[in-house]
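Given chain A's structure and the hints, the job is docking chain B onto it.
Here is what each chain is made of, one letter per residue.
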Amino acid sequence: MSLLAVENLSARHGLLQAVSGVSFTAAEGEILALVGANGAGKTTLLRTIAGSHRAAGGRISFEGADLGTMRAHRRVQLGIALVPEGRRLFGAMTVEENLKVAGANGRRGRWTIETVLDAFALLKPLLRRRCGELSGGQQQATAIGRALMTNPRVLLLDEVSLGLSPVAVRTVYDSLQTVIAQGDTTIVLVEQDLSRALRIATRVACMLEGRIVLEGKAADLTRERITEAYFGLRRGEGGMRA
Amino acid sequence: MMFFDQILQGIFLGAYYALIACGLSFLFGVMRIINLAHGSIAVLSAFLVLSLAEHFGISPFFALLLAVPVMAAAGFVLQRTILERSLRSGPLTPLLSTFGLAVVLDNSMFQSFGANTRSLAPNIGDLSFAGWSGPGGIEVGQLAVLTLVVAVALLSGLQALLTYTPLGRAIRACAEDPETAELVGIDARHVYAAATAIALVTVAIAGTFLAMRSTFDPYTGPTQLIFAFEAIVIGGTGSLWGTLIGGIVLGVAQNLGSQVSPQGFLIGGHLAFLLVLAARFAFAGRDWRGWFGVRSRAVA
Numbered sequence: 321m322s323l324l325a326v327e328n329l330s331a332r333h334g335l336l337q338a339v340s341g342v343s344f345t346a347a348e349g350e351i352l353a354l355v356g357a358n359g360a361g362k363t364t365l366l367r368t369i370a371g372s373h374r375a376a377g378g379r380i381s382f383e384g385a386d387l388g389t390m391r392a393h394r395r396v397q398l399g400i401a402l403v404p405e406g407r408r409l410f411g412a413m414t415v416e417e418n419l420k421v422a423g424a425n426g427r428r429g430r431w432t433i434e435t436v437l438d439a440f441a442l443l444k445p446l447l448r449r450r451c452g453e454l455s456g457g458q459q460q461a462t463a464i465g466r467a468l469m470t471n472p473r474v475l476l477l478d479e480v481s482l483g484l485s486p487v488a489v490r491t492v493y494d495s496l497q498t499v500i501a502q503g504d505t506t507i508v509l510v511e512q513d514l515s516r517a518l519r520i521a522t523r524v525a526c527m528l529e530g531r532i533v534l535e536g537k538a539a540d541l542t543r544e545r546i547t548e549a550y551f552g553l554r555r556g557e558g559g560m561r562a
Numbered sequence: 006m007m008f009f010d011q012i013l014q015g016i017f018l019g020a021y022y023a024l025i026a027c028g029l030s031f032l033f034g035v036m037r038i039i040n041l042a043h044g045s046i047a048v049l050s051a052f053l054v055l056s057l058a059e060h061f062g063i064s065p066f067f068a069l070l071l072a073v074p075v076m077a078a079a080g081f082v083l084q085r086t087i088l089e090r091s092l093r094s095g096p097l098t099p100l101l102s103t104f105g106l107a108v109v110l111d112n113s114m115f116q117s118f119g120a121n122t123r124s125l126a127p128n129i130g131d132l133s134f135a136g137w138s139g140p141g142g143i144e145v146g147q148l149a150v151l152t153l154v155v156a157v158a159l160l161s162g163l164q165a166l167l168t169y170t171p172l173g174r175a176i177r178a179c180a181e182d183p184e185t186a187e188l189v190g191i192d193a194r195h196v197y198a199a200a201t202a203i204a205l206v207t208v209a210i211a212g213t214f215l216a217m218r219s220t221f222d223p224y225t226g227p228t229q230l231i232f233a234f235e236a237i238v239i240g241g242t243g244s245l246w247g248t249l250i251g252g253i254v255l256g257v258a259q260n261l262g263s264q265v266s267p268q269g270f271l272i273g274g275h276l277a278f279l280l281v282l283a284a285r286f287a288f289a290g291r292d293w294r295g296w297f298g299v300r301s302r303a304v305a
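Those sequence lines, one after another, are chains A and B. Our numbering puts the first residue of the first sequence at 321, with every later residue one more than the last. Our numbering puts the first residue of the second sequence at 6, with every later residue one more than the last.
So here's chain A without its partners, still in its complex pose:
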């Protein structure tokens, strides 16, 4: 059985249909990259799965149980954590406090401040610094570390590389490899950098105008096919499945 199943999910922003009839599954340890142009509905999809955005229709199930209208904090305690777009750290609090506040309210498990610092070594000298004073890369590392402190079974990563320098992106992704290497955390990754997404993903789903228009194993999809789906160059053919 898949760990996370999304069936015919819809979500709106007022009159705008941001996500329309999206279905996919993610098994334990799988890394699913969600790619698509700006406004494709990727962020809304992740926020709806995390419980931050109300679904207009469809079903999200975790280990077979329907999450229904369950609030975000209950989903975190089940094992679903979101690293939101723009990091959204508690800027007036220190790195350590950001990690602690998540640790105190999430699940118990392998991830503690020590193990997070082992994975994200760049945070070690920054523990007492306020998050508002950090660079983008340091903030992203803190945001991922904060999500890990809840010991998620499904980690939703929204735009990890957005606004970061190439060096910072490499540092964050290198650290993320430690999480991936554990093999037991399912990751749903929204990423604009297609090359980087393809490098770590086991599966890829491409969204266009709120729908998944291409889905398949990363190894089976060529960059050209993804690019075509990304820009809607094969419209009228319906959804594609590799």
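Hints should not be assumed to be uniformly reliable.
Which residues of chain A face chain B? A few of them, derived with a C-beta cut under 7 Å, are [what the hints assert, rightly or not]:
(1) Val396
(2) Glu417
(3) Ala422
(4) Gly429
Because the hints were derived from the structure by calculation, they are not lab data. No residue lacks a Cβ here, since even glycine has one placed at the ideal position from N, Cα and C.
Then chain B, alone, in the frame of chain A:
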């Protein structure tokens, strides 16, 4: 020496204002709610402590210990029944609903306790008037010193709670970004209810000191709200230690004003409040004018 004495007495009076203001400041800092029923709730606490003290024949301090869990529970219920629903309807609704609550509380207390003024001073023996004599004829009241000590202890306790405890960190997280707080597993509704409970515990303490240091009646609340509000605005909204500073500035201004004329007590305090407010507007105005200045030059 008399000037120094007035300053000193103003500091002690300011400590009481900090005590009454800290719950209002705390609630504003966490939920961005201005609780217009704050003063009325303080008077309600005073009546509760007085009733417990007289009914059981105990010291007001023991009565306060009994009142604290009652007020904490009342805070929890207040958040779940009124504040939470009001917050969903925008920032203006909590103002209206807490104003309505104040009216209901004031008139309910009038109905239950009558119009007579009351005080806990007779229940605390010598503490209400005992003091220490200093050089130059300076008198320092024991109750005033106790008020200052309790105010500093309460603010330190709140600061420690916010800094070092998981609940405090959760409160700060919710104060900064409640949606993201939910994303790290915090039940924001529960945290808000806990914060309101804490605020009402501080109100219970303030209400007890109000009743010990002066007389009160069912309609004393709005005056206390105004003093609390002025202390917060002077010290900086949502800042705990700023509340103490604001309270002291207000208390000193009132005491110095009372030296000018009998009506100067209130006028001095309001004047200090207005001066700080005007300074803030002027500061903000300078930015505003600067912004337009840059635009004008750019257009020219």
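Against the structure, the hints come out as follows:
no. : hint   : in the structure
1   : Val396 : holds (4 Å)
2   : Glu417 : holds (6 Å)
3   : Ala422 : holds (4 Å)
4   : Gly429 : violated (13 Å)
When the structure is compared with the earlier hints, a violation turns up for hint 4 alone.
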